[in-house]
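Q: Chain B: place on chain A using the hints.
Protein sequence lines correspond, in order, to chains A and B.
Its first residue numbered 1, the first sequence is counted upward by one per residue in the numbering used here.
Its first residue numbered 1001, the second sequence is counted upward by one per residue in the numbering used here.
FYI, nobody ran anything at the bench for these hints, they're computed from the structure.
Hints may contain errors.
To give an idea of the chain B side of the interface with chain A (calculated C-beta under 10 Å), a few residues [said to hold, decoys possible]:
| hint | residue |
| --- | --- |
| 1 | Tyr1037 |
| 2 | Asp1039 |
| 3 | Cys1040 |
| 4 | Gly1041 |
| 5 | Gln1043 |
| 6 | Ala1047 |
| 7 | Ala1067 |
| 8 | Asn1074 |
| 9 | Tyr1076 |
| 10 | Asp1077 |
| 11 | Ser1104 |
Think of the CB as a built atom: it goes at the ideal place given N, C-alpha and C, for glycine as much as any other residue.
Here is what each chain is made of, one letter per residue.
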Amino acid sequence: MTISVPIPSLGLTEDQRAARERIYAAPLAELDPGDPESFGAQQMYWKFERLRAEDPVHFTAAEHSEQGAYWSLTKWDDIMAADTDHETFSADAGITLHRPPAGPVESDINYEANALGGQLRSEDGQIVQRERQDGLIQSLLSMDPPQHEVHRGAVVDGVSPANLKAMEPLIRERAGAILDALPIGEEFDFVEHVSRDLTAMTLATLFDYPQEKRGKLTFWSDVMTAIPGPGAVVETEEERMLAIREFFEAFAGMFQQRASQEPRVDFVSLLAHSPHAQDFTFAELQGDGIVLLVGGNDTTRNTITGSVYALNKWPGEYAKLRANPALIPSMVSETIRWQTPLTHMMRVATKDTELGGKRIAKGDRVALWYVSGNRDEDKVENANEYVIDRKNPRQHLSFGFGIHRCLGNRLAELQLRIIWEEMLARFPEITVVGEPTFSHNNFIKGYDRMTVVIPRRNG
Amino acid sequence: MVKVTFVTQDGAAHEVEAEVGWKLMEVAVNESIPGIYGDCGGQAQCATCHVHVPPEWRPITGERNAAEQAMLANAYDVTEDSRLSCQIIVSEELDGVTVDVVDS
Chain A
1 MTISVPIPSL GLTEDQRAAR ERIYAAPLAE LDPGDPESFG AQQMYWKFER
51 LRAEDPVHFT AAEHSEQGAY WSLTKWDDIM AADTDHETFS ADAGITLHRP
101 PAGPVESDIN YEANALGGQL RSEDGQIVQR ERQDGLIQSL LSMDPPQHEV
151 HRGAVVDGVS PANLKAMEPL IRERAGAILD ALPIGEEFDF VEHVSRDLTA
201 MTLATLFDYP QEKRGKLTFW SDVMTAIPGP GAVVETEEER MLAIREFFEA
251 FAGMFQQRAS QEPRVDFVSL LAHSPHAQDF TFAELQGDGI VLLVGGNDTT
301 RNTITGSVYA LNKWPGEYAK LRANPALIPS MVSETIRWQT PLTHMMRVAT
351 KDTELGGKRI AKGDRVALWY VSGNRDEDKV ENANEYVIDR KNPRQHLSFG
401 FGIHRCLGNR LAELQLRIIW EEMLARFPEI TVVGEPTFSH NNFIKGYDRM
451 TVVIPRRNG
Chain B
1001 MVKVTFVTQD GAAHEVEAEV GWKLMEVAVN ESIPGIYGDC GGQAQCATCH
1051 VHVPPEWRPI TGERNAAEQA MLANAYDVTE DSRLSCQIIV SEELDGVTVD
1101 VVDS
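For reference, chain A alone in the conformation it holds in the complex (with noise of 0.2 Å):
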């Protein structure tokens, strides 16, 4: 079977329609969107038109969820409201569906000592000890304020609009150097040598880390998402904690070295020399770390990756853009929201809350999915189709909205604009040979392996 993204407008395939048909008629109670196969297979998205229609703030029971129970808000306007609502909807139990939290039921944990301690209490002020998913033990993307800020602020200058333009040379540098070695005429895959290569360079300058070992920074983010199986970037459990502490120990090694050099604005370097460095714990700076390691890693990739495809997917959007390259930054908007590369933030429920007319109970999960609500029609208009020149292209959940929102998003803006500024200049076209191989993730949406040709450059 060749898996696809649906458009709409094309017509499905028959696959795609029996799939749908399928997702249909199952039990309303069974649907669990958040299923990862249902991701590798790109089928996620009739579930998630169904529960729009049909159940748009819906609840899946542990028995019929490998993530245990969670809730799904799938429409626009309820993840607005829980998004820019963090004191009722918390980020501080992980911001993952990835698996059910092991330990003690939600109910027993006091939030408001959670928010202000960083650890976890039960009612009677007892530290309990709970594992959390993807090793995110504390972070900031998983802070409540005050503590959210006092990380945030700490590395939020690696990515001020006067360091991006600084970095603005080099990245075109880089594209430039990469789209110049890429063969013509012949077959390679554009995730390995295109988008993985050009964000890995990145993130070596955001870490400040060598750039011959840039490797080892994609391999540790991948690691940090990777649900281990045969054939993923791990394969057992076990194999992927040894990748974490190695990268926790290369992380601490690092953070060592700048803290007895000068200040520097790559990001380690901000949280060594934090006016607040001697209260961060370990814990703490391992999950900023893997923050920073994951957000700049796969979402930009992917996102690169999701460009071309749709483009060829959409092949009259394509001619627009070669006809008129002043639509780059729009159809990088565009882009963004039609791939959502990060398809949800988990939030934990910290009082008895209602939202669109469900109650959800202090304790409960509750996953955002971004991936729907940007396919919202009651919110954009055609959501299922690439338009890269669409009214309002950057109004799409995919940074998310409030504290949390996105802390790279210019950069990553900027990134995907190069890249296209320079294989405009460079090839008429780049060709997708056949299907992607879709990431298995329910988390991180994106492509494991995509090959393309490029017929001609520019005559």
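A: Relative to the frame of chain A, chain B by itself:
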């Protein structure tokens, strides 16, 4: 209609007509003022419409609200004059104001 001026990062002054009742951010986006994006649609949740408002205009523009304050906590080039322009409503009294656009 009142006149408002946006001074962009390159130092250029853009004087535009603004409709009373509009958000200052909406005026800027409508006029394609560089540096003002309004990604969240005007709910003080993205900090992409950051401006510096001179202190003498503060009695008219008012003070930051809590949501604005939270977003500005991690914005760039934040000063006492910092506001999110989606939280400033154009009024007759605002006629003649000049604000500096801050890169976000």
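Q: It remains to establish, for every hint, whether it holds in the given structure.
A: Here is how each hint holds up against the structure:
no., hint, in the structure
1, Tyr1037, "holds (6 Å)"
2, Asp1039, "holds (5 Å)"
3, Cys1040, "holds (5 Å)"
4, Gly1041, "holds (6 Å)"
5, Gln1043, "holds (7 Å)"
6, Ala1047, "holds (8 Å)"
7, Ala1067, "holds (7 Å)"
8, Asn1074, "holds (5 Å)"
9, Tyr1076, "holds (5 Å)"
10, Asp1077, "holds (8 Å)"
11, Ser1104, "holds (7 Å)"
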